[in-house]
Every structure is written in structure tokens, then in C-alpha cells.
Amino acid sequence: MTTQTPVISCANVWKLFGPHPKKYLANMPAGRSFDDIRKDGYIAGVRDVSVDINRGEMLVVMGLSGSGKSTLVRCFSRLHEITGGTIEVDGQDIMALNDRDLIELRRNKMGMVFQSFGLLPHRTVLENVAFPLEMRGQDRHDRRERALEVIKLVGLEGREEYFPRELSGGQQQRVGIARSLAIEPDIWFLDEPFSALDPLIRREMQDEFLRLQEMLGKTIVFITHDFDEALRLADRIAIMKDGAIEQCDTPDQIVLNPATPYVRKFTEDIEKSRVVHARVLATPMNGHIPDGTPIRAGATILQLARQLVNETREELPVANGNGELIGILNRQEALDVLLGEG
Amino acid sequence: MAVAQTNVAVPAPTLTRMRVAQILLAAAVLLAAARPVLPEFLIRVPEWAVLPYNVWMQALFDFIKDDLGLIHLTRGISAVLEVLLDITANLLYGKHRWPFFEPIPWTAIAAGAAVIGYWLGGWRLAAVAGGTFVWVALIGQWNLAMQTMSVIVVAAPVAFLLGLLLGIAAWKSSRFERFLAPILSILQTLPFFTYLLPAVIFFKVGPTAGCVATIVYAIPPMVLMTTLGLKKVSPEVVEAGNMAGSTRWQMLRHVYLPAARTEILVGVNQVIMLCLAMVVLTAFIGMPGLGAKLLSLMNSLKLGRSFEIGVTIVLIAVTLDRLSKAWVVKQPEHFERGTSWAARHKYLVGGIAAFAAFYVLAQFVQVADHITRKQELSMGSEIDDVIRAALANDTVTAVTGWLRWFLITWVLIPFRNALLWLPTPSVLLAIAAAGYAVGGRKSALTVLAFFGIVALTGWWDRSIITLYAVVCAVILAMLIGLPLGIAAARNPRWANPILLACDTMQTFPSFIYLIPAIMLFSVNDVAVVFAILIFATVPLTRYTIEGMRAVPEELIEAADMAGASRNQKLMKVQLPLALPTMAVGFNQAIMFAFFMVIIAAFIGTQDLGQELQRTLAGNDLGKNFVLGMCVSLMALTFNHIIMRWSNDRRKALGVG
Amino acid sequence: MKLKLALPVAAILAVSAGSAIAADSSDPIIIPVHNWSSQIVMSHVVGQIFQSIGDNVEYVTTDSQAVYESIRLGDVSLELEVWEGAFGASYTAALEKGGIHEAGNHNAVTREDWWYPLWTKEACPGLPDWEALNACAAKFATPETGDKGRFLGGPVDWLKHDQERVDALGMNFVVVNAGSAAALWAEIGAAEKDKKPIVLFNWTPNFAEAVWPGEFVEFPKWVDGCNEDPKVGPKPDVTYDCGNPANGYLKIAAWDGMEKKWPDAYKVLTKISFTNPQIAQMAKLVDVDDMEPEEAAATWLEENQDVWKGWVN
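Residue numbers (numbering that gives the first Met the number 0), protein chains in the order written: chain U, 0 to 341; chain X, 0 to 655; chain C, 0 to 312.
Treat the hints loosely; a few may be bogus.
Stated by the list, open to error - A partial selection of chain X residues facing chain C, derived with a Cβ cut-off under 7 Å:
#1 Ser299
#2 Leu300
#3 Ile517
#4 Gly603
Unchecked claim - Pairs of lysine-lysine residues, derived as BS3-like cross-links and limited to a Cα-Cα distance of at most 27 Å, are as follows:
#5 Lys22(U) to Lys171(X)
#6 Lys270(C) to Lys259(C)
#7 Lys171(X) to Lys21(U)
#8 Lys38(U) to Lys650(X)
#9 Lys96(C) to Lys260(C)
What the hints contain is simulated information worked out from the structure, not anything from laboratory work.
Note that CB positions come from ideal geometry on N, CA and C, so glycine has one too.
Throw the hints in and build the complete structure from the sequences for me.
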């Protein structure tokens, strides 16, 4: 698993906005803060970001508005030209691509979903979904067949001939999702896809999204300003502030061990037991095997709450999906998490 | 550091800005006061400093025309245009040209228009579109109207295409945009005479030249709207296009242009309206049709028939305007799968069927084909008789006679002489002061340059006379338009009818207003001012109403709750907030006035318009252009100062 | 749809047009019309005569000075009213450049000059002599001219030299140009009511003389060169020290290519000649009787068959 090359690998990526960003970055002394840079007349969209995204992983980039998360994801697809650092997609430096190769890359490998949907208002649902296929010159018949397939996948069957303005927000975003999936991308970017939706619809769409992801298993970069959403979806979360990544880790680790005061502020009001999994709290067995039925490694502490409270054993074995024991859960430790004292 | 500095510096310039403006103004007054002792060269630009711009311009035009061979190119273009114009002329009114058809029967066109109206806007628009053509036929103006239409159907699409291309180019290249922007604003203020003469010289007399002038006149808003629309395309839509792997051409064709559809269609609407306005004016260079008829009626002071033609033009304008606006808001609607071709295209099918039915009918029934002179319903001469009788009334003549005497003796002539008496530098300083007051040094230098050029052309006195008529008329228009607008805005029942009247008056071909002016006041400056006044009152009234209406409801309620009386509310809340919008109206009134004062040459003036009219008789392109630039630069000066003020004020008030 | 129906019609038209007149081109003869009534009606009268012999005709509105240049280039085919006083210079200039020639001469005299309606004589009894007029200049004063008299000139694009004459003869008059012929008539009409003295630009043949009887002011007689050579005329050191020609010509001009392209029409054109009363009648049909030009032309042709039938056959 770990030896595999990452799908997206970026190292020391900078994105500055201003009159002569490259020149400025080249001469910039190390350790200048976001505010220092702003005083020099530049805005740091992305500040020295290094992160790898593995195949099949869902990385959620979380931050408040203006934290640079949208800018970062646009650097991944080179919608923004970066100022410094390198970004490799499947081992290929995307900054080195010429226009044609870049277009090829986007046509075949990448899909993107936008916050305000970015649908073409003059095209029907079908035509919107088929748009990327049309751009790469697929013939009419193939286009239509594939588009109908994805439309069905996102549950919009029967609405193919509607125009975007005839649909609700949730439906429009389904079109956006369908369009981004039409070319069967390896990498899927979602820029706050559910932020513009009502809370109830948002929840429904998240479920829908999880269902799709389970089915498709794409490499995903998902952007949100909603910490709950991040916790709910992520394999790993990258929390951004002022263009830099404050912490990048699994949801469990972030709530259990926030790296900076800024991250801590997010985690304070979170019910940790909903996030933390038994697997994470488990300590190595060191040959000692506690008695009784093991608990599931993939269960959250909240899911185990009743059992933990009623349990008589102090140490519980933890087993993974295949029934293999992977460690020992200390009951007291788990109860602390449950009561918010961890 | 830089940020901090400018932040601190902001209050300081506003203080000195007013101070500098005051100093400039004081200098202007001093210069004026010292006029009796001023040396000659400080009163007027001396002869030797007036450079022969007209000769240079003429040489430049000749060089472009003959040496660079532009005339061959333009004559080539005009040959192509001529073919198109001949085709539409043949189809619409049976001009003896290829493809040598009989003219399309009026009933068929009216039916086709009605179906288009129904498709775009239901029964109401169907009635407007169909009704317009029925009126045109019944009033006996079918051929004239079709002569006019035959040019519009060529000019509008060409203007649309050129405007679109230029707009895209300006959007792509900011350098090109910067190059184009001043040209467009000059084109928008250039007096129409200045469009006409080059058109004649480069494109032959008659419909072709008229068509070219119309196209050039209609292009600027299309360019601006295209650029605006493309710039406004949502970045996410653009990114979606990019992420789909669109090439540049695909982006433009499939993403940008369709997404900018609304603005582009608004541009189309503007193009159509401007084409209609200009095509009437091209009667001066021999364009047949409604405009030519109007011109000849004007020459015999027949108000009745002119009025009918005016109504026709307004109706056509309303139809084209409503249809194109309905097209702007018309959004595509989906059909369920399996809908038959005929059902999906039912309007097309219906339109063709109606057209064909009437076409066939017209082959057998003469009335359905064309209306003869005996069958028409014109009331022109009857109206003329009534008007003549009314004007001959002793009370009317006494009033107009007195007005004429009073205004000329006590207002107009003294004011004109005072303006002419002022030394040129004094006027320049006063203008610069106004520029400085609203926009600081840059504005002051801009407006100074504009007026300075006017002074250097040596047409100063005539420019001042032009200015005098404009200023007089706009002041009088304010005395009428502002109270009218305020009264209308305070009484919602009146607002809509008055706005409608404004629209109608504005769409009326401008030179219709010369007829009542001459009839009431005969040949003198009162008639000129009166004609301008009618036209300039329209935007003042309209923008006053709109400005007052746009005051947020909560503010009115807040004022009510504060116990403001009606007048307090007006003076303290509504007017201050409406003022920036009213300034836009004021600006437009001045632009209209500059437009009209040139047309008023047909009453008889001693200003730039008269000289422009004179150049139309010859081939003096250089002089024509210099005179046109004088008018344009004066108009741009006002435009700059007022719009600058209005925009700043808006920002300060946080409205728009 | 329209194609199917219209094609046969067009075909029949084309054939019949082709067979009816063997000689004349089926291209339309382009007749310019200007901004005064007699010329417009006369153009339509002649146009309808051409049509009656099977020619196609088109009318274009053009400037009355620039038209000679257009004729030279063949953009328009002919000009029916070449007034010596008004257009003599432009016409002669065009003749010298070539491409245009004289195709006929109306049996009419033209005169354009300062003119007054008869009631003016009561206020200024010495008229029509110009010096008498100058003596009572104050009677013609208006608010805008102060104590000088006002002379109301025609539109500036008629290129009259009234100002030059006022300067040359040292007259106490200010020239105010009306913007259109209509403005001139409006002024006479306004003056008529209280019989105010007025002096303005007018011409003959013209309908106005039938409505308002009047006379031309007698200036020093026109002598050739008076407008160019200071020595000519009563004052040795100035130009324009004379009136306009009192009996100017009224000619017909044609494009050189016309004879070849429309020989039949051209033959008719050379025979055409109208008289002063006939021309005034044409103008009157429009200016007084409120007819449309086409209608006026048809009426005139109907009433005056004996005049023009002879030209056609």
C-alpha cells in the first residue's frame, strides 16, 4: 500500500497573487508570514504546501473562506498556474505540460464539481453531461449512451431534456456530478459541492456521494468549510489557514491530537466519540490476548457506547473486518473519549 | 507601507481638490473681469495659432482614400452590401433587382410577424407585432416602411456581427480594448452629419452609404455589451469548460458565447433600436423610405402626415424592441422525449403556414396584396387643417409672439453675447475648475484638453453658440422635466403614463420636433431652443422618476417614522439619494441636446450645425470631421464631468 | 413557399420586360430628387413618362450640389432642373471634368434673388430698388438683428452669396439663413398676418408667387464675372457687387452613358421642355393641394396630355 506512488504529489507549492509573483517569491526571505506578504502587496493563495494523495484516497481540504483551499485544488488541475514548487500527477510534472497535453489530461483523467454547479445554462441536462465527451470529440451516439448511463447513476432519469434552471439546487448538483463523472476520471475534484444546498438536501447528497464513492473508488480531493462534513467523508483531512496546511491527518487523529490551537478550536465542539474509531484507540497486544468476543475495529466509540458502559472487562480485544485481532482497547480510555474527557 | 500611505493620504486631496478648483475658478473670473485690458491673444486664439486641421484631415482622408486605395476596398464592400440591399429591397417592396420577385404581400408579413410575436410573448406581443404592420399598410405607408425595413434587415445583422467580433477581440486583448474605448465614446457622441459625409464619399450616394452609416452608428453598444457579457461569465462555468478539456475555440463557441447570451441579446436590442434611429436620419444622404418622406414633409411643414409617420416609426420601434427583449428573456424549454418534429417546431410550422396562406390569398385578393391610395385611411391633411387653424388663433400667436420677443431680447441674445464676450482662457479655466472639482488633476487635464482642442480649431465662436443653445435648452428642460418627474414619482398613477410618454417621445424621429418649433416660433433661436428642449426634457423626467423610485422602501419608512413631512422627506431623503441617477438623466439630456442642436440647423442657426450642413453640400471631408470633433469633444467634456461626479456620489452613498 | 410562387411570376416579368423594349436596358434609370417641390414632381412626371415607354425608373434623394458629381460617375442618370443661379457653378465644373452633358433646355427663365411680398412696399415705397431697400433697413429689424435689417436667406447648403453681397454693397442687413425652404414659407405666412415688411430669398418658377404676390429686389445688373473679377460691376474693388442673373437658364443634364444605355428614354429626354407656368403648377399640386409627389405627377400627366404625348411618339 504505502510503496505505491501517490496519484497527486505536491511539494512546496506556492501560489501568490500580485504584480510580479515569480520574481517576488524568488527574492522572498524565508519565514515571511501571510500578513508580511500582504504588506508587500501580494496575496498568498497557497503557502508552501506539500501533500501526497494516494490512489483511492479521499482527501478533504477544510478551511474557512479565504483560507486558500479552492486555490489549492485549482493548482492541482492547473486551472491556476502555481508560482513555486512542483505538482506531479501520476508522476508527471503538470507544470511542464503544453496546452495540448494539459487538455488531454483534463479530458481523460480529471473531473470537477463546482460549488455553484457551473452548468451551461443553454444546454439540457443531457447536453451538459455530454459536454466533456463532446469536447473530446466522441461521436453523438456514444456520447448520448454514456451520458444517459451517468444520469441514471446520479438518479436523474427522466430529466434528461430539462434545462438547468428547471431543476432544484440538489438536482442541479447531481447534473454537475454526472458531468464530472462522464469521462470516467481517475481523479475527482469537488469544490464545496454541497455548500449551496439546504441542510437536509446536503445530508442526502452526502449519503449519495458516499454510495457513489463506494461503487467507484476514485481518488478524491473534496473541499469544504464544514468540519462535520469533513469528518463524515474523509480518509484524511487537511486543515488550511492563510494558504498553508495546519494539519493533515485522519479524522480520528485530528480530533484526538489537534496539532495547533487553530485546529483545536474546530475540534472543541465536536463529539469525539462519533469520530474516533476503536481501531485508533487500540494498543498493540504484545502476546497478551484478553478474553471474550472482540469488538469491531471499524466501529466508532459512540456505536460501542452501550457495550462499553455495560462491559465488565477492563481490556477488550479489537478485531478487523476479517476477524483477525489487531489490538487491545482500554475500556477506561474509551469511556473518557465517550464522556468528552479524552 | 504603500497601502498605509494611501490610506492616510485620502482625506488630504479632497480638501486641496476643492481648493484648487476654487483657485482655478477665481482665475477664470479674474481673466473675465480683466477682459477690457487683455491683449488680443488672450481673448481668442490668434489666427496664426489656428492650424489648418481641416486641410490636414482632408489630406489624411485623401491619402487613405486614394493613395492607400481604401476607396477600392470600400467600393468593393459597398458592392457586396448593394447586392444584399437589392435582394431585401426586391423582396420587401419590389425594387427591380435580382431575384426579380413581386413584393411580399403585406398580409403575409403581418401574419408572420404575429406568429413570431406569439412565439416570443403570447397574444399581447402577437397583437403588437401584427397590429403594427396592419397599421402601416392601412395608413398607406407600406412601401415607405418597407424601404426602411429593407435597410434595417441588412444593417442590423452586419452591425451585430461586426460588434460581436470587435467585442470578442476587446475582451481577449485588454490592449485592444484600451485602443477601442475612446473610439467608441467618440463614435457615440459624434454628430450624425459626421457619419454621413464619409459614408457618401467612401460608399456611394444612396442606400449603401446610408446602410454603412447606420451600421457604424449601431456598432458601439454591441461591442460594449459583448465585452461586458463575456467578462461576466461565471468563473465556475469557465472552469467547468476548462476541466472538460475544451480548446480555446471550443471555450468561445460552447461556453463563453452561450453563457453571455443575455448581454449579447441586449446588445442586439440596442443595435436594432439604433439602426432604426439612424436609418431615418440617413434620409439626408438619399436613403429612401420613412425618413426621406419625413424630410420632404418637413420641407412643406405638414405636421399631420409627419405625425402619422412618427407613429409608424414608434410602432415599428416598439415592435422590434419588445420582440427582441422578449427574445432576451425567452429561455429554452424542454420537450418530453418522443415529441414529434412538427410539435417541437409548431411555431415555425404555424408561421410558415400563415405566411403561405396569406401569400396565396394575396394572389387573388388585391387588398390582401397591397393597399392603394384610395383605400388608405390617412388623416394627414385633416390633422394639418386643424393644426393650422389652431396656430392661426390670435391667442396662440400672441403668446408665441410675446415669448419669442421676451426670450430673444432678454434671455437668449444677452446670454449668447455674454458667452461670446468671455475670453477663451477664462472659459477653459472654468471648465478645468469643474474637472478638478469632480476628478482631481487627471479629470481637469482631460476636459481642458478636450476644450483646448476646440479652441485651437478656430471654430471657437461657433462652438460657443452651439454650447449656448444646448445650455439654454437644458436649463429650460430642467425647469420642466424635474418638477414633472418629481410629481410623477410621488403619484404612482402618473408615473407609468409619463414614462410611456417619455419612451414615445424619445422614439419619435428627432427631426419631427423641428416642425412644431418652426410653426410656433419661425426661424430664430427660440425655435431652436424649443426643439432641443422637447427632446432634452425626456431623459430628465425619466431619470428623475427612476431615481426617486429606486430610493429603498425602508429609508422612506424610516423617514416616515422619524416624523418627516412630505416636503422634508423629499428634500432630505428622496432627492439626495436620487441625485446620482438624476445626474445620469442630466448627462443624457445634454447628449440629446448636442444631437438635436445639430439637427436644428434645419431651422436655421449660426452654430457648428450650420457649418456641418454646409459641408454636406460639398466634399469637404476634412472640415466636416473637424466640426464633428468639436461637437463630440464638447459633449464628452460634459459627459466626463457629470458621469465622474455621479459615479463617485453613487459609491459614496453606497447605491449601485 | 414564397420561392415556388414567386418564381414563375418573376420569370414572366423578366420575359415580358425583355421583349417589350428591345433597345433600352432593363436597368433602372436613376432620377435624383432634391428638396424642393417642383423638382420632385417634375422628376416623377418624367419618370412616369419613361415608365410609360417601358423603362424601369428609380428615384434617389441626393444633395442638389453633389448630384453633378454623381451624374458624371453614372451613379445617377440625369438632372431635370439645372438652375443657372443656384447650380451653374457646380454644373459647369462637372461639365469641364467630363461625363455629363446638356440634354435639353426648358422653355423657362429662372431667377433667384432677394424678394419681398407686395405688402412690404407700403412700408418701404422706394422698392424694388436696392438702395431704397437699404435706406429702410431698420423696418426689417428683428430682435436678433438689433437695428440692422434682417434678410432671410435660404439653407446654407444652397451656397448663395448673400453675405458677400451685403458686404460688397455695404448694406445695413444681417443675413440669417433659414434651415429649409419650409422655414422660408413659414416666415412669409407669419409676416402676412400683420403685413410686416419682410425680405427673403425666393425664386421663380415657384408656387409661392401664386400664393403671395411679390417682386424681386433690383440689384445692380448681373454681368458675367461679377462674382470673380472685382473690376466687373459697379464697384471696382469688390466681387459680388451685383444681383443674380435675372433670366437664368433652366437646363436638363444627362450622364454621357445614358444615350447608349437607354436610347429611347434619352430621345424623349432631349425633347422635354417645360414652361414657367407648367413648373409652378407642378409645385402647387404638392405645396398647396397637399398631394404626394407620385400622385401630383400622375395628375399633371393626366391633365396635360397634349404637352407630353408628342414627346413620346
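Evaluated hints:
The criterion of a C-beta within 7 Å of any C-beta in chain C is met by Ser299(X), whose closest approach is roughly 6 Å, and the hint holds. Taking 7 Å as the C-beta contact cut-off toward chain C, the hint placing Leu300(X) at the interface holds, the least distance being around 5 Å. A distance limit of 7 Å between C-beta atoms decides the matter here; for Ile517(X) the minimum to chain C is near 5 Å, and the interface restraint holds. Here the hint on Gly603(X) is kept, as its CB sits about 4 Å from the closest CB of chain C, short of 7 Å.
The straight-line distance between the Cα atoms of Lys22(U) and Lys171(X) is roughly 26 Å, inside the 27 Å bound, and the hint therefore holds. Simply put, Lys270(C) and Lys259(C) have alpha-carbon atoms about 17 Å apart, close enough for the 27 Å limit, and the pair holds. Annotation: proposed proximity of Lys171(X) to Lys21(U) holds, straight-line Cα distance about 24 Å (limit 27 Å). Simply put, Lys38(U) and Lys650(X) have alpha-carbon atoms about 26 Å apart, close enough for the 27 Å limit, and the pair holds.
The hinted pair formed by Lys96(C) and Lys260(C) meets the criterion: a straight-line CA distance of about 21 Å does not exceed 27 Å.
Violated hints: none; the structure is consistent with every hint.
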